[in-house]
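The listed protein sequences derive, respectively, from chains A and B.
For the record, in the first sequence the residue sitting at position 218 is 214 according to our numbering, with numbers rising by one throughout.
For the record, in the second sequence the residue sitting at position 83 is 575 according to our numbering, with numbers rising by one throughout.
Think of the hints as simulated: they come from the structure by calculation, not from any bench.
One should not assume that every hint holds.
Examples of chain A residues lying across from chain B (beta carbon under 10 Å, computed) [what the hints assert, rightly or not]:
no. : residue
1   : Tyr118
2   : Phe128
3   : Cys259
A virtual CB, placed ideally from N, CA and C, is assigned to each residue, including glycine.
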Amino acid sequence: MLSALAGYALIAPPLALLLLLIFFPAAQAVVRTLLVDADIGLTSGFTTSRYTGFFGDAIARSNLWFTVWVTIVTTSFLFLVCLPLAAYLRFSTSRIAGVVQVLALFPLFVPGVILAFALIRYIGPRGTVDTFLRVVLNYTGFVTPYLRPSGIIFALVWDHIPFTVLVLTAGLRQVEDSVIEAARDVGASGLRVFAQIVLPLIQRPAMIVLCLNIIGIFGSFTIPYLLGPAAPQMMGVYMAQTFSEYQDRPGAETQAVIMFAACSVIGALYVRTVSRRRGERG
Amino acid sequence: MTEQWPNHPKSFLRRHLGRNVGTEVFGLFAVLFLGLVIIGPMSTIVLWAFADRWRAPALLPTEWGTSYWGETLQRADVLTALPFSILLAGSVTLLSAFICLPAAYSFARIKFPGKQAFLLSFLATNAFPRFGLYVAIAVVFFRLGLVGTVPGVVLIQLVNTLLTMIWIPTSAFQNVDRALEEAALDVGAGRVRIFFQITMPQVLPALAAALLLTFVATFYEAQGALIIGLPGVRTMATLMYSYINNQVVVQYGAVISLILWLPSLVLLAFAQRFLRGNTVSAGFGV
Chain A
-3 MLSALAGYAL IAPPLALLLL LIFFPAAQAV VRTLLVDADI GLTSGFTTSR
47 YTGFFGDAIA RSNLWFTVWV TIVTTSFLFL VCLPLAAYLR FSTSRIAGVV
97 QVLALFPLFV PGVILAFALI RYIGPRGTVD TFLRVVLNYT GFVTPYLRPS
147 GIIFALVWDH IPFTVLVLTA GLRQVEDSVI EAARDVGASG LRVFAQIVLP
197 LIQRPAMIVL CLNIIGIFGS FTIPYLLGPA APQMMGVYMA QTFSEYQDRP
247 GAETQAVIMF AACSVIGALY VRTVSRRRGE RG
Chain B
493 MTEQWPNHPK SFLRRHLGRN VGTEVFGLFA VLFLGLVIIG PMSTIVLWAF
543 ADRWRAPALL PTEWGTSYWG ETLQRADVLT ALPFSILLAG SVTLLSAFIC
593 LPAAYSFARI KFPGKQAFLL SFLATNAFPR FGLYVAIAVV FFRLGLVGTV
643 PGVVLIQLVN TLLTMIWIPT SAFQNVDRAL EEAALDVGAG RVRIFFQITM
693 PQVLPALAAA LLLTFVATFY EAQGALIIGL PGVRTMATLM YSYINNQVVV
743 QYGAVISLIL WLPSLVLLAF AQRFLRGNTV SAGFGV
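For reference, chain B alone in the conformation it holds in the complex (with noise of 0.2 Å):
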């Protein structure tokens, strides 16, 4: 497409920016900014991850290459946490729907005395401050022993994902469209089936946004497992802390960070479709 430029600059900005070209200047500005900003240290990871040698005051590496990849992942540490950190984010997502999907069916679609009472409740998780809920149960788990075990922060990471996985798909079963299970009630289909073949489908894509959620919500959980887990259980997570504290080779970091990366771009893959509608939005009850 080829495109004159017309005798009123003005017009031409307006057809190419939309109604109002001062909006779209600050979108500019925006643009500029947020990519400073936001993009700007995220690339510096990049960078440092494919980077041999990066000595200062070079704008770029000096030598590039993939060599700290093998070495950071060939470390001990990293080898046990990062298999560890897949197993331990998998079970508490699964836990989790296992106890919280039955009762988001139970809020949206049976009638009971006290339910948005009971549904309003989970969002104390929200309503308190986070490292001071931490500590007043690292209290607590510290007398019952479970500092510095596997259940302990199991429990811990529970906590976090109880209102995602409870108020996100409370929602979905809510918006299901209760014609067509009557309509199918109506044929002659049972139940059972029209669970599974009715109601189900409506509902999955929603599930598949709490669950996603929840697995990369837990998988980067790192101040719950930082207290509760230390110095016996080790997540990437809390690798992190030390690597940003205490090691000296940026590039281990730099990997390290890449790879517990890898499930926010899946999310991010997905992400259009959750943003879209107010799925996330409803798990903070907004």
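So here's chain A without its partners, still in its complex pose (with noise of 0.2 Å):
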């Protein structure tokens, strides 16, 4: 047997790149913004001014809400579409099923780039759905949601589907046929199967997807950046600009700061999540 100090010294390299590049920059940035006053740039003990001039500020005030908001919005969405589908997967074993699957985890190997890119050509001005919609349907209302805020939901929506599914329907498998034949049996209606009885049983995996989702839109970049509108932005889109058209990484990493704290109950509660279920099973 390897002895525990050989046991340290292997999760020594990974662990010191997880404390030099996320725990420590992260930290520092915390720090930093309660101590270094943003006008003068020295150090003049403990300060908040970087903090109430963010929230003084209307622009960023304004970006934060609608990143809030956009975030809420896609993750009910995604919900919506991803529950159902899951179900669908978790009691079909038909052919059709087999496509349903192959579809809704497409997106996996599509990266937010090219997606962003090819969505512009499809639902954008002239695109696929408008050309289509002209000259087939002969219907001219067509309202892009390219550059608007429907422009971001419906791609933050189709970027998250498969990783919903995939652990919505892995979790569902782990519910027995027999739990939901026997409350049949005695006449519980499908709806209130999946209510009161399914739903507490995928609590766990359904937990996590949210929070993973949660946090992955509202840290989203690319996606708001190619699609979304000039303003308000998402937070993504307006720390990039902050940090690199404006040089003014103070602000930048007070941004990031507030996307911290704003996403800490999540973290924390993901991080619980997992952690619960490890321990159960070891």
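Join these two chains into a complex; the hints should help.
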């Protein structure tokens, strides 16, 4: 048996990367935003001036609320689309289910930049959908979601479908047929079986996928940058602009910390859910 | 096989669509919906890549051809970015494997205090909103002079690979059949030989999955590469941003998209095997 010392030696390199590339920059950003005065750039003790600056700025505030709003709407749509799909995939073994599974997992293999490019050509102005409606149905009232909040929401839902379906289906597979049949036998309706028996049983995978979707959507950049409106912006786009275009690094740092704070509860919930499950298993 | 339409159409449907007709009607609706929403946009790219001319209001390209392929592949920005991207994604994947695989073995097979907590700490890569983390890293890298350099991009892309490269192999090493190893030990095989002849063959599929997933994810990683790499480092994925924002010739972007998509098609070919097990979900802690 290899000794515990060897164990530590082997995990040291990735752990060091984790500390240097994630915990250190994140912790440093938090500390710096509270210690360094934004205007002077010198350490002048504890200050909240950067945060009062952020929340005093109408544009910054509207960007933050816009990000929260897009996250909530997108996550709701995701569950609305993916729960029926996952339930269908769990209970059907037909060939149609095979096709549905392939289609639902397909976006897993499409990176965000390609998705954005494809959607501009598909639902953008003079795109395929627009042309189809004009030429075939003689309908000219198509309003493109491109450069509108709906464009971001549509693309983000698209992007997160495979992971959500994958995890929810895996969770539903762990619900035994006999449990559902027993409930059915005593006369419970389909909806009631789902809400009172299935849902509590898939609580953990559903919680994990909910947390990861919220964090992923909140911290997205590519899709809102390429498909979203110029104002309001999602936080990712706003930060990139602050950092690269305005070269305002302290400002970008403050925005990043506000983003961490907004997602901290969800992040903690994710880690707690995963660790509780592993604890039970081991 | 010839099938006669029976007297009861409903029983015919039942036989063909499974027990529950209503369920399969939903299935057909789902195919239609997903086809329009998911396959529709992607097929538009394919059409554009093989269109020599496509003017509105034509539904399909007015002239088909591959003339834009040669033109795109001769562009200086593509010629430098494509080999660089492949090299970069390959290096990041190998570096990540070199750093993470021994750790995965350690997490699965060696007993030491605090193991669970250390393993769980890698979830942090998912628990932070990605772009906020990149900006926090970028601020540190800026002071270190790593912005716009290749090492800076390599480091930020490594962050993304840690969880996949540790969690998937760890669960693979945990699932190795210990009885086989002990049996080999009993008949006098050495530890090194057991590792390569008994342990490795059992974990190889999962390791291959982790390597492939990491390579593809790194090849497509654009956000970290954009904020750390610019203006000095340009990958294929970051090149796409400028093709979307500033390029009037649609075909260039379409051709680059298809080229970028190649590694994904390889992944797709193997996907049935990973997705059936819980390999991918293991990378998210599910």
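| task | Go through the numbered hints given earlier and state which of them the structure violates, listing their numbers in rising order. | result | none
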